[in-house]
Amino acid sequence: MSRKDIDACIRASVEQYLKDLRGAEPAELHELFLGAAEKPLLEVVLRHAEGNQSKAAEWLGINRNTLRRKLLDHKLVK
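Residue numbers (this note's numbering): 1 to 78.
These are calculated hints, taken from the structure and not from any lab test. One or more hints might be untrue.
Once the Cα atoms are required to be at most 27 Å apart in a straight line, the calculated DSS-like pairs of lysine-lysine come out as [what the hints assert, rightly or not]: (1) LYS39 - LYS19; (2) LYS75 - LYS39; (3) LYS55 - LYS39; (4) LYS4 - LYS39; (5) LYS70 - LYS39; (6) LYS78 - LYS39; (7) LYS55 - LYS4; (8) LYS70 - LYS55; (9) LYS19 - LYS4; (10) LYS75 - LYS55; (11) LYS78 - LYS55.
Please read these numbers as outputs of a predicted model, since none were measured by experiment.
Use the sequences and the hints to build the structure in full.
Written out as structure tokens, the structure is:
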């Protein structure tokens with residue numbers, strides 16, 4: 001899957017969400033979509049890194065402490 005494919009998936013999801021509103025005013029779309037994407041992204045990357053948070057943080061391009069905070073925020077670790 002390429003960046004172009006990922007972009008197309010996101011575009012299709014946003015288009016469908018807006019259609020489903022049937023004219024209602026959307027609110028907080030940024031938080032809705034980024035929030036929805038972050039938890040599964042963290043889960044999958046951490047699983048592929050076999051639970052190694054340092055490796056997962058490196059793959060994500062973020063600091064390990066930032067990853068740890070995000071994992072706690074999403075209740076993915078204790």
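Legend entry - List of violated hint numbers, smallest to largest: none
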